[in-house]
Amino acid sequence: MSTQLKYKDEESDGEISGRSAEARVITVAVAGNPNSGKSTLINAIAGTRLHVGNWAGVTVEKKEALFDFGGRKIRLVDLPGTYSLSPYSQEEIVARDYLVHERPDLIINVVDATNLERNLYLTVQIMELGIPVVMALNIYDEAQEKGYRIDGKAMEEMLGIAVVPTSATRKTGLDQLLDTALRVADAPKQRVPKKLNYGEDIEVACDYLAKSFRTSYPALTDSYPQRWLLLKLMEQDSHVMRELDLDDLDFLDQALHHLRKAHGEDIESIMADARYSLASGLTREVLHKPELRPTEITEKIDKIVLNRFLGIPIFMAAMWLLFKLTFDLSAPFGAWLGSMTDGPFKRWASALLTPLGAPDWTVSLVNDGVIAGVGSVIVFVPVIFAMMFFITFLEGSGYMARAAFVMDRTMHAIGLHGKSFIPMLLGFGCNVPGIYATRTLENPKDKVLTALLVPLMSCGARLPVYVVFVSAFFPNNSSTVIWSLYVMGILLAVLMGLIFKKTLFRGEAPMFIMELPPYRMPSLHSLCVHTWEKGKHFLYKAGTYIFAVSILVWFLLNLPWGVEHKRDSYLGQAGAVVAPVFQPMGFGTWEAASSLISGVIAKEIVVGTMGEIYAPKKEEQAEVPTLQEDLKEIGVSFGAACSKAVKTLLYLPVPEEKEKDRSALKQALLGVFTPLSSYAFMVFVLLYMPCVVAIAAMRQEFGTWKWAVVGLGYQTALAWCAALIVYQGGRVLGLGG
Amino acid sequence: MNLARLKPGQKGTITSIGSIGPLKRRLMDMGVLVGEEVKVLKVAPMGDPIEVSIKSYNLSLRKKEAEGIAVEVAG
Ligand SMILES: Nc1nc2c(ncn2[C@@H]2O[C@H](COP(=O)(O)OP(=O)(O)OP(=O)(O)O)[C@@H](O)[C@H]2O)c(=O)[nH]1
Ligand SMILES: [Mg+2]
Numbered sequence: 001m002s003t004q005l006k007y008k009d010e011e012s013d014g015e016i017s018g019r020s021a022e023a024r025v026i027t028v029a030v031a032g033n034p035n036s037g038k039s040t041l042i043n044a045i046a047g048t049r050l051h052v053g054n055w056a057g058v059t060v061e062k063k064e065a066l067f068d069f070g071g072r073k074i075r076l077v078d079l080p081g082t083y084s085l086s087p088y089s090q091e092e093i094v095a096r097d098y099l100v101h102e103r104p105d106l107i108i109n110v111v112d113a114t115n116l117e118r119n120l121y122l123t124v125q126i127m128e129l130g131i132p133v134v135m136a137l138n139i140y141d142e143a144q145e146k147g148y149r150i151d152g153k154a155m156e157e158m159l160g161i162a163v164v165p166t167s168a169t170r171k172t173g174l175d176q177l178l179d180t181a182l183r184v185a186d187a188p189k190q191r192v193p194k195k196l197n198y199g200e201d202i203e204v205a206c207d208y209l210a211k212s213f214r215t216s217y218p219a220l221t222d223s224y225p226q227r228w229l230l231l232k233l234m235e236q237d238s239h240v241m242r243e244l245d246l247d248d249l250d251f252l253d254q255a256l257h258h259l260r261k262a263h264g265e266d267i268e269s270i271m272a273d274a275r276y277s278l279a280s281g282l283t284r285e286v287l288h289k290p291e292l293r294p295t296e297i298t299e300k301i302d303k304i305v306l307n308r309f310l311g312i313p314i315f316m317a318a319m320w321l322l323f324k325l326t327f328d329l330s331a332p333f334g335a336w337l338g339s340m341t342d343g344p345f346k347r348w349a350s351a352l353l354t355p356l357g358a359p360d361w362t363v364s365l366v367n368d369g370v371i372a373g374v375g376s377v378i379v380f381v382p383v384i385f386a387m388m389f390f391i392t393f394l395e396g397s398g399y400m401a402r403a404a405f406v407m408d409r410t411m412h413a414i415g416l417h418g419k420s421f422i423p424m425l426l427g428f429g430c431n432v433p434g435i436y437a438t439r440t441l442e443n444p445k446d447k448v449l450t451a452l453l454v455p456l457m458s459c460g461a462r463l464p465v466y467v468v469f470v471s472a473f474f475p476n477n478s479s480t481v482i483w484s485l486y487v488m489g490i491l492l493a494v495l496m497g498l499i500f501k502k503t504l505f506r507g508e509a510p511m512f513i514m515e516l517p518p519y520r521m522p523s524l525h526s527l528c529v530h531t532w533e534k535g536k537h538f539l540y541k542a543g544t545y546i547f548a549v550s551i552l553v554w555f556l557l558n559l560p561w562g563v564e565h566k567r568d569s570y571l572g573q574a575g576a577v578v579a580p581v582f583q584p585m586g587f588g589t590w591e592a593a594s595s596l597i598s599g600v601i602a603k604e605i606v607v608g609t610m611g612e613i614y615a616p617k618k619e620e621q622a623e624v625p626t627l628q629e630d631l632k633e634i635g636v637s638f639g640a641a642c643s644k645a646v647k648t649l650l651y652l653p654v655p656e657e658k659e660k661d662r663s664a665l666k667q668a669l670l671g672v673f674t675p676l677s678s679y680a681f682m683v684f685v686l687l688y689m690p691c692v693v694a695i696a697a698m699r700q701e702f703g704t705w706k707w708a709v710v711g712l713g714y715q716t717a718l719a720w721c722a723a724l725i726v727y728q729g730g731r732v733l734g735l736g737g
Numbered sequence: 001m002n003l004a005r006l007k008p009g010q011k012g013t014i015t016s017i018g019s020i021g022p023l024k025r026r027l028m029d030m031g032v033l034v035g036e037e038v039k040v041l042k043v044a045p046m047g048d049p050i051e052v053s054i055k056s057y058n059l060s061l062r063k064k065e066a067e068g069i070a071v072e073v074a075g
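Taken in sequence, the protein lines are chains Y and G.
Numbering-wise (the working numbering), the first sequence opens with residue 1 and increments by one.
Numbering-wise (the working numbering), the second sequence opens with residue 1 and increments by one.
A hint or two may mislead.
As the list claims (entries may be wrong) - If you anchor each label on the Cβ, the simulated ranges turn out as follows:
no. : chain 1 : residue 1 : chain 2 : residue 2 : range
1   : Y       : Lys-300   : G       : Thr-13    : 23 to 29 angstroms
2   : G       : Ser-16    : Y       : Leu-321   : 43 to 49 angstroms
3   : G       : Thr-13    : Y       : Gly-160   : 55 to 61 angstroms
As the list claims (entries may be wrong) - To spell it out: a stretch of chain Y is covered by chain G in this simulated footprint if at least three of its residues, at any positions, have a beta carbon under 8 angstroms from a beta carbon of chain G; those stretches are:
no. : region
4   : 83-96
5   : 117-123
6   : 388-396
Simulated from the structure, these hints should not be mistaken for laboratory data.
Model, not experiment: these values are computed from the prediction.
Backbone N, C-alpha and C fix where the C-beta goes; we use that ideal spot for every residue, glycine too.
Please build the complete structure, drawing on both the sequences and the hints.
Laid out in structure tokens, this is it:
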């Protein structure tokens with residue numbers, strides 16, 4: 001990076017003192033405004049894979065990364081972004097509490113160089129804490145592209161803290177940042193940030209308050225950063241007052257009396273003004289913007305995306321396109337995996353097990369249990385990954401905040417605000433992070449209501465179910481049918497929101513204030529990394545509890561030992577008991593019922609169980625291909641899948657293959673469901689109770705079972721009604737039955 | 001004149017912030033201060049919220065909140 005901002009080595013002030021200093025772990029808090037690139041910076045430095053995204057409020061929990069640099073151990077603590085140290089929402093409280101109570105050795109203040117003034121407002125407050133600060137002047141690349149010139153040297157002098165320009169995405173300035181950080185951490189005494197002058201009136205009041213406070217509460221003065229505490233007392237910060245259990249301090253009133261009179265404003269405004277004037281003064285001194293400002297790409301895109309008339313249609317169309325791409329791109333690979341698990345894998349398993357003298361039932365357990373069960377889910381790994389890829393792209397591009405903006409009016413109608421839409425969009429990947437993301441909502445009522453609605457968003461785990469049914473019953477409009485299910489989820493969320501608002505959550509609509517970041521193009525590397533981070537969770541599930549449930553289901557299907565028909569097995573009997581409940585919806589079979597029961601663990605298990613139930617009886621193979629033939633076939637069909645995917649992407653015609661679908665599951669389903677009842681079944685799977693992990697997440701987030709139980713109850717009722725309406729309504733309309 | 005009544009493209013200078021409590025605090029923390037220049041950029045598809053540019057970044061807020069922010073239109 002060409003820069004006039006190198007941190008200059010000031011006459012080497014810190015010989016590292018002794019060995020003990022080297023062995024110590026240096027704790028560095030990474031703090032700054034939302035969306036300034038804190039998590040990206042830590043990922044670049046420590047090689048972690050923290051969640052990043054181009055909107056405010058991605059990080060909602062503190063996360064740590066431990067690594068070595070120059071022979072030293074450093075612990076970086078990623079904090080949620082915050083606009084000020086007077087927190088407003090839950091994740092901001094996390095950041096504030098950490099900085100105030102945990103006293104890290106050093107704070108790296110990540111500052112968005114393209115948005116200097118507002119970021120410096122927080123810097124000024126961080127400096128009040130009396131902890132050494134190093135500023136990472138991040139997103140420096142964009143600032144340079146805009147033609148900004150920032151005089152870091154002047155900034156260092158005025159603030160008395162080291163300033164290092166960085167670009168977390170291009171990985172520049174990182175070593176310098178760490179060098180500087182270490183140097184500062186080793187000589188903390190010399191590096192305490194300057195005390196900035198807030199203007200005479202404030203300083204006089206502060207001094208007065210300091211004296212009285214020290215005499216009245218000597219014990220308290222040690223447990224908080226001095227200056228910060230005094231300033232917060234003057235602001236009558238409700239958190240601090242509550243923490244200290246202070247209500248009426250008469251000397252506080254005296255200290256503030258003069259200040260109030262002189263300014264004729266409330267103290268909070270006076271303080272905010274004082275801090276902002278420091279920040280703007282500094283910005284004026286150090287930032288030089290070019291005279292002419294070209295129209296930025298963000299404005300051009302927003303003209304279309306946020307258009308008054310096109311905004312919502314574009315959102316819907318973008319979603320449809322997303323499903324189309326997801327589906328078309330991954331389908332060939334799914335089919336390829338399917339042909340592998342159905343054929344070669346089972347043959348290999350038998351070939352391996354039989355010579356070992358394994359009894360028939362073990363072979364069946366492996367083939368009809370594990371491979372059929374886990375296999376039917378694994379087939380959908382490509383779809384899930386494709387979906388996660390697009391969600392990662394949306395997150396990185398900056399569209400999330402726009403979606404919140406466009407949907408705010410609709411969300412307002414159900415007593416929520418646009419920001420609630422972000423957890424919902426995240427829910428399309430997996431409901432669990434969606435539920436945690438409700439933390440960015442300020443109001444506890446909104447949090448609960450949003451978390452109750454998130455599970456109506458169709459998550460990745462439900463895709464396998466749709467894909468199986470859609471490819472069997474709606475092969476020609478597969479993406480449209482799947483899209484309709486997602487849209488149904490959203491519409492029902494709106495409806496349920498309205499109902500909840502009228503019943504459980506009456507009251508004022510919350511306010512909505514949100515930053516709209518510029519669009520950014522995520523790099524392919526970061527797209528891949530974060531797609532993997534989201535998708536690997538599904539692989540893990542397939543390897544652990546889907547695996548376990550497959551084995552369990554196999555036993556339940558084969559017990560009591562030696563049952564003739566699967567219908568008479570334990571699982572069959574249980575299914576048969578529940579089945580009548582589903583009769584009016586067109587899928588009152590024990591097979592469907594028992595799949596739905598096992599799907600409570602995780603929704604993709606619905607497919608896994610069906611895979612086991614409908615596993616074909618011993619294949620009558622005319623001739624068994626050799627291992628070589630199998631391997632060759634796998635290679636060849638993979639090549640064919642790739643070329644098919646590329647062709648779809650380029651909109652080239654894909655030759656209609658006469659290849660009869662070999663999937664036994666699909667064949668079986670075609671025999672039991674009709675298109676209408678399959679749609680009703682998908683609707684039911686979309687809506688019925690959230691998976692156990694989501695329920696646990698709700699319980700953890702809200703600290704009681706209450707809302708998890710409410711969610712479970714209403715969703716199952718809703719699922720039943722909706723599937724019933726779809727099926728019976730469809731019959732009335734003559735769509736077959 | 002208040003911020004909610006500005007048309008997209010119009011600029012104004014904030015003369016007072018009517019809201020109180022945490023909302024006011026939040027607005028100030030995000031740079032919405034008396035004397036600051038704001039420009040309305042967009043109105044969302046269904047007429048609410050609006051997007052404004054302030055302190056060289058873009059902020060969206062509802063008309064209801066914007067109504068509490070008095071502005072003086074320049075020129
Ligand atoms: N051009 C550029 N973009 C960056 C840089 N650092 C981060 N970004 C982008 O800025 C966005 C926000 O990054 P995050 O790391 O999620 O920001 P954060 O500060 O952790 O945000 P919160 O967790 O919401 O507080 C992402 O889209 C990043 O790709 C940088 O140095 N240059
Ligand atoms: Mg973050």
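Results of checking the hints against the structure:
Between Lys-300(Y) and Thr-13(G), the C-beta spacing of about 27 angstroms keeps the proposed range 23 to 29 angstroms intact. As the Cβ distance of Ser-16(G) to Leu-321(Y) is approximately 46 angstroms, the hint placing it in 43 to 49 angstroms holds. Separated by about 33 angstroms at the C-beta atoms, Thr-13(G) and Gly-160(Y) break the suggested range of 55 to 61 angstroms. Note: the region 83-96 of chain Y has 4 residues with beta-carbon separation from chain G under 8 angstroms; the three-residue rule is met and the coverage holds.
Taking a C-beta to C-beta cut-off of 8 angstroms, the region 117-123 of chain Y contributes 3 residues in contact with chain G, enough for the three needed, and the coverage statement holds. A stretch counts as covered by a chain when three or more of its residues have a beta carbon under 8 angstroms from one of that chain; for the region 388-396 of chain Y and chain G the count is 0, and the coverage is violated.
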